[in-house]
Amino acid sequence: MSDEEIEIIDGDKKIGRATFVKTAVGGFALLWGGMTLYPVYRYLCPNGEEDASSKIASLDIGKVSDFPAGSGKNFKFGSTPALVIHTTQGDFHAFKAVCTHLGCTVQYRKEKNKIWCACHGGAYDPDSGKNVAGPPPKPLMALKVDIVNDRVIISNA
Amino acid sequence: MFIGKREKRKVLYWLERRLHASPLIELALHKRVPVHKHSVWYYFGGISLLFLMVQIVTGILLMVYYVPELASAHASILKINSGVEFGWFIRSLHSWGANLMIAVVFIHFFSAYFMKAYRKPRELTWLTGVVLLVLCLGFGFTGYLLPWDEVSFFATKIGLDISSKVPVIGDIIATMLRGGTSIGQSTLSRFFTIHVSVLPILLMGLLSVHLAIVQAHGMSEPSDFTKQEDEEKKYEPFFPDFFFKDILVWILAGNLLFALTMLAPWGIGPEADPFAPAPIGIKPEWYFLAMFQFLKLVPPMIGPIEGELFGILVMTIFAGILAAVPFWDTGESKLKSDLATALGVITVLFMVIFSVWGAMS
Ligand code: HEM
Ligand code: FES
Numbered sequence: 000m001s002d003e004e005i006e007i008i009d010g011d012k013k014i015g016r017a018t019f020v021k022t023a024v025g026g027f028a029l030l031w032g033g034m035t036l037y038p039v040y041r042y043l044c045p046n047g048e049e050d051a052s053s054k055i056a057s058l059d060i061g062k063v064s065d066f067p068a069g070s071g072k073n074f075k076f077g078s079t080p081a082l083v084i085h086t087t088q089g090d091f092h093a094f095k096a097v098c099t100h101l102g103c104t105v106q107y108r109k110e111k112n113k114i115w116c117a118c119h120g121g122a123y124d125p126d127s128g129k130n131v132a133g134p135p136p137k138p139l140m141a142l143k144v145d146i147v148n149d150r151v152i153i154s155n156a
Numbered sequence: 000m001f002i003g004k005r006e007k008r009k010v011l012y013w014l015e016r017r018l019h020a021s022p023l024i025e026l027a028l029h030k031r032v033p034v035h036k037h038s039v040w041y042y043f044g045g046i047s048l049l050f051l052m053v054q055i056v057t058g059i060l061l062m063v064y065y066v067p068e069l070a071s072a073h074a075s076i077l078k079i080n081s082g083v084e085f086g087w088f089i090r091s092l093h094s095w096g097a098n099l100m101i102a103v104v105f106i107h108f109f110s111a112y113f114m115k116a117y118r119k120p121r122e123l124t125w126l127t128g129v130v131l132l133v134l135c136l137g138f139g140f141t142g143y144l145l146p147w148d149e150v151s152f153f154a155t156k157i158g159l160d161i162s163s164k165v166p167v168i169g170d171i172i173a174t175m176l177r178g179g180t181s182i183g184q185s186t187l188s189r190f191f192t193i194h195v196s197v198l199p200i201l202l203m204g205l206l207s208v209h210l211a212i213v214q215a216h217g218m219s220e221p222s223d224f225t226k227q228e229d230e231e232k233k234y235e236p237f238f239p240d241f242f243f244k245d246i247l248v249w250i251l252a253g254n255l256l257f258a259l260t261m262l263a264p265w266g267i268g269p270e271a272d273p274f275a276p277a278p279i280g281i282k283p284e285w286y287f288l289a290m291f292q293f294l295k296l297v298p299p300m301i302g303p304i305e306g307e308l309f310g311i312l313v314m315t316i317f318a319g320i321l322a323a324v325p326f327w328d329t330g331e332s333k334l335k336s337d338l339a340t341a342l343g344v345i346t347v348l349f350m351v352i353f354s355v356w357g358a359m360s
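Chains as they are written, first to last, in numbering that gives the first Met the number 0: chain A, 0 to 156; chain B, 0 to 360.
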C-alpha cells in the first residue's frame with residue numbers, strides 16, 4: 000500500500016497520511032512558534048510604568064517677577080514639556096509645549112509674537128494657543144495659570 | 000620566505016582535500032567583466048563593501064568607550080572626541096564613513112536601476128539590494144540618536160512621530176521602537192541594540208545572499224552592449240585586471256574618507272534636553288532631507304486624511320513601484336522600459352531638488 004492509500008477516517012472526510020502529517024507538523028510549528036514569539040513580543044512591549052514624578056496635578060514655577068512681560072519660558076510639567084507666556088498686556092498663558100504637528104517642543108518668539116515650532120515652521124497664537132501658520136492641525140493643549148501669593152502656579156486645565 | 004614548488008603543491012593539495020574549493024577558484028578565475036562606456040558603475044558595489052568594512056571596524060572600536068545610558072551617552076562621545084587618543088579619528092571615520100556609505104549605496108542602487116540590471120534573472124539580486132538600502136538607512140537613523148545631542152534627539156522624535164501616523168501598525172511600531180510614549184532611556188537602549196546587533200546581523204546575512212547571486216549570474220550587461228556582434232563585445236578577466244582596478248578605486252575612496260576625516264572631524268552638538276524647545280533651523284540628516292522637505296510642503300489636511308499620512312502614502316507607493324521594477328519592466332516592452340527610465344529620472348530629480356531646497360530653507 001502506498002501512503003496515499005492509507006486513510007484516516009474523520010467523519011465523512013478522508014485524509015491521506017501525507018496530508019495528516021503535513022498538517023500536524025505545520026500546526027505544531029505554528030503553536031510552538033506562537034509559544035515562543037508571544038513572550039518575546041510581550042518582553043519587547045514597553046511596560047508603561049511611568050515614574051511618579053510624571054503624574055502631577057500642579058506645579059509652582061516661580062515668582063511673578065521671574066517672568067518679565069513679553070517673554071516666554073519653557074519648563075517641565077510632569078513628563079511633558081510646557082511653556083508659560085507673560086504677554087505684554089500682562090496676562091499669563093500656559094500650554095503644553097508639544098507641537099500638534101509632529102510633537103516637537105515649541106517656544107515663544109518675542110520678535111514674531113508667536114509660539115513657534117522650529118521643526119517645520121508651525122506657529123501658534125500666544126494668547127489662545129490657536130494654530131495660525133504652518134502644518135499644525137490643532138491648537139496647543141492649554142494649561143491653567145493661577146497667581147497665588149505672587150507665585151505662578153500651573154495646573155491641568 | 001622561500002617555499003619550494005613541491006612543498007607549495009603539497010600544502011595546496013592538503014587544503015584541497017579538506018576544503019574542496021577548486022570549483023570556487025575555477026569560478027573566480029573565469030569571472031569576467033564586460034567593458035563598455037558604463038563600466039564605471041560596476042565599482043560602486045565594491046566601494047559600498049569597503050565602507051561597510053570601515054563601519055564594522057570603527058563601530059566595534061567606538062563601542063569600547065561609548066556608553067548607551069542617558070546621563071553618560073553624550074559625555075562618552077565627548078570623551079571619545081577629546082579624552083581618548085585618536086578617539087576623534089575613529090569617530091569621524093565612523094560618521095563620515097556612514098554618510099559616504101549611504102551616498103555610495105544610493106549611487107549603486109540608481110546605477111543598477113538605469114542599466115536595467117534588475118531584469119531576469121536578477122530580480123532577487125535587485126530585491127535584496129533594495130532591502131540592503133533600507134537597512135543602511137536604518138543604520139543611519141538609529142546611529143544618529145546615539146550621541147544624544149540636541150539635533151539627534153529631535154530628529155528621532157520627528158522620525159518616530161511620522162511613522163506613528165501610518166494607520167494601524169504605525170503607532171505600535173513607533174511605541175516599540177521608542178520603548179514608551181516619550182524618547183528616553185528606553186529609546187536609547189533600543190536604538191543601540193538595533194544599531195549594533197540587529198541591523199549588522201541582518202545586513203551581513205542579506206549581503207551574503209546578494210553577493211552569492213551576483214557571482215552566480217556574473218555581471219549584467221546593458222542592452223547596447225548585448226546588441227553588439229559577439230566579436231565586438233569586450234571583456235576583461237576579474238582576476239587580476241578588474242580586481243586591481245577595484246583595489247585602486249578602494250584606495251581612492253579610502254583617501255576621500257581620510258581627507259574628510261582630517262579636514263572636517265565630526266563635531267557634536269550640545270547635550271539633548273527633552274524639555275528644551277527644538278533648536279531653530281533643525282534638519283534631519285541629508286539622506287532624509289528630501290522626504291522631510293516634501294512632508295513640510297503637504298498641507299495639514301488633504302480632504303479627510305492628514306497631510307503626513309497622505310505624504311507617506313504617496314512616497315511609499317512611489318518607492319514600492321520602483322522596488323517592484325523587475326516585475327513590470329521585464330525588457331519585453333519598449334514603452335515600459337522607457338517608463339522605468341523616466342520614473343528613475345523623476346526620482347533622482349525629486350531627490351536632488353528637494354534635498355537642496357530642504358538644505359537651503
Ligand atoms: C552600515 C553601517 C553603519 C552605519 C551607516 C552607521 C551609522 C552611524 C551613525 C550615523 C552614527 C552617529 C555618528 C555620530 O554622530 O557620532 C553611528 C554611531 C555609532 N555606531 Fe554606527 N553605523 C554602522 C555600523 C555600525 C556597526 C557595524 C557598529 C558596531 C558593531 C556601529 C556602532 C556604533 C556606535 C557604538 C556608535 C555611537 C558612537 C558615535 O555616535 O560616534 N555602527 N553609527
Ligand atoms: S512638529 Fe511642529 S511644525 Fe512640525
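Among these hints, one or two may not hold up.
To give an idea of the chain B side of the interface with chain A (calculated C-beta under 7 Å), a few residues [claimed, not checked]:
id: 1; residue: Ile157
id: 2; residue: Asp160
id: 3; residue: Gly178
id: 4; residue: Gly183
id: 5; residue: Phe274
id: 6; residue: Ala277
id: 7; residue: Ile281
id: 8; residue: Lys282
id: 9; residue: Gly302
id: 10; residue: Pro303
id: 11; residue: Ile304
In silico EDC-like links for lysine to aspartate or glutamate, alpha-carbon gap of 20 Å or less [claimed, not checked]:
id: 12; chain 1: A; residue 1: Lys72; chain 2: B; residue 2: Asp272
id: 13; chain 1: A; residue 1: Lys75; chain 2: B; residue 2: Glu149
id: 14; chain 1: A; residue 1: Lys137; chain 2: B; residue 2: Glu305
id: 15; chain 1: B; residue 1: Lys36; chain 2: B; residue 2: Glu305
id: 16; chain 1: A; residue 1: Lys75; chain 2: B; residue 2: Asp240
id: 17; chain 1: A; residue 1: Lys109; chain 2: A; residue 2: Asp126
id: 18; chain 1: A; residue 1: Lys72; chain 2: B; residue 2: Glu149
id: 19; chain 1: A; residue 1: Lys129; chain 2: B; residue 2: Glu305
id: 20; chain 1: A; residue 1: Lys137; chain 2: B; residue 2: Asp160
id: 21; chain 1: A; residue 1: Lys137; chain 2: A; residue 2: Asp126
None of these hints come from the bench; they were simulated from the model. Virtual Cβ for every residue (Gly too), placed ideally from N, Cα, C.
Closer than 7 Å between Cβ atoms is the bar; does lysine 282/B clear it against chain A? Give me holds or violated. violated, 9 Å
Restraint status (C-alpha distance of lysine 109/A to aspartate 126/A at most 20 Å): holds, 13 Å
Would the hint on isoleucine 304/B stand, with a C-beta cut-off of 7 Å toward chain A? Violated, because the Cβ-Cβ distance from isoleucine 304/B to chain A comes to roughly 11 Å (cut-off 7 Å).
Are the Cα positions of lysine 137/A and aspartate 160/B separated by 20 Å at most? holds, 16 Å
Is the straight-line distance between the alpha-carbon of lysine 75/A and that of glutamate 149/B 20 Å or less? holds, 17 Å
If you draw a straight line from the CA of lysine 129/A to the CA of glutamate 305/B, is it 20 Å or shorter? OK: lysine 129/A and glutamate 305/B at ~18 Å, within 20 Å.
Given pair status - glutamate 305/B, lysine 36/B, alpha carbons within 20 Å: Distance of about 47 Å is beyond 20 Å: violated.
Hint status (Cβ of isoleucine 281/B to nearest Cβ of chain A, threshold 7 Å): Holds - the Cβ of isoleucine 281/B comes within 7 Å of chain A, reaching about 5 Å at its closest.
Quick check on the hint: aspartate 160/B CB to chain A CB, less than 7 Å? holds, 4 Å
Status of the hint placing proline 303/B at chain A (closest C-beta pair under 7 Å): violated, 12 Å
Once the shortest beta carbon distance from glycine 178/B to chain A is found, is it less than 7 Å? holds, 5 Å
Does the alpha-carbon distance linking lysine 72/A and aspartate 272/B stay inside the 20 Å limit? holds, 14 Å
In this structure, the hints that do not hold are numbers 4, 8, 9, 10, 11, 15, 16, in rising order.
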